[in-house]
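When you get a sec, could you build the whole thing from the sequences and use the hints?
Read left to right, the sequence shown gives residues 77 to 160 (my numbering).
Hints may be right or wrong, so weigh each one.
Label pairs and their in silico Cβ distance ranges [claimed, not checked]: (1) S141 to D102: 16 to 22 Å; (2) C133 to K158: 30 to 36 Å; (3) C100 to K145: 18 to 24 Å; (4) A151 to L94: 34 to 40 Å; (5) R160 to R138: 15 to 21 Å; (6) G128 to D102: 17 to 23 Å; (7) K158 to K103: 18 to 24 Å; (8) K158 to T101: 30 to 36 Å; (9) L152 to D102: 19 to 25 Å; (10) R160 to K95: 28 to 34 Å.
If you are wondering where the hints come from, they were derived from the structure by calculation, not from laboratory data. All C-beta atoms in this analysis are idealised placements derived from N, C-alpha and C, irrespective of residue type, glycine included.
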Amino acid sequence: MFKKRTGTSSRRPQSFRLKPCFFCTDKREPDYKDIELLSRYLSERGKIVSRGRTGICRNHQRKLSLAIKRARALALLPFVIKVR
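Have a look at this one:
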């Protein structure tokens, strides 16, 4: 009675490719003093951007979030950016 749906699966599209981790390819570690680098991984509101959008591996994402939180505590980065 009902037709089975074809072509709808939960798989990623074939054109999707994982980005290599920026920190792994450059052999760097996130540092709380490198504000220019840390601000690349913040949204326009000041939130930490997720791994899926940045392409950073799990290990470096954890270190990056810790570095951002340290920079915020030292007032090097803002906690919130107000947008009007």
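Q. Which of the numbered hints above does this structure break?
A. The structure breaks hints 5, 7; every other hint is satisfied.
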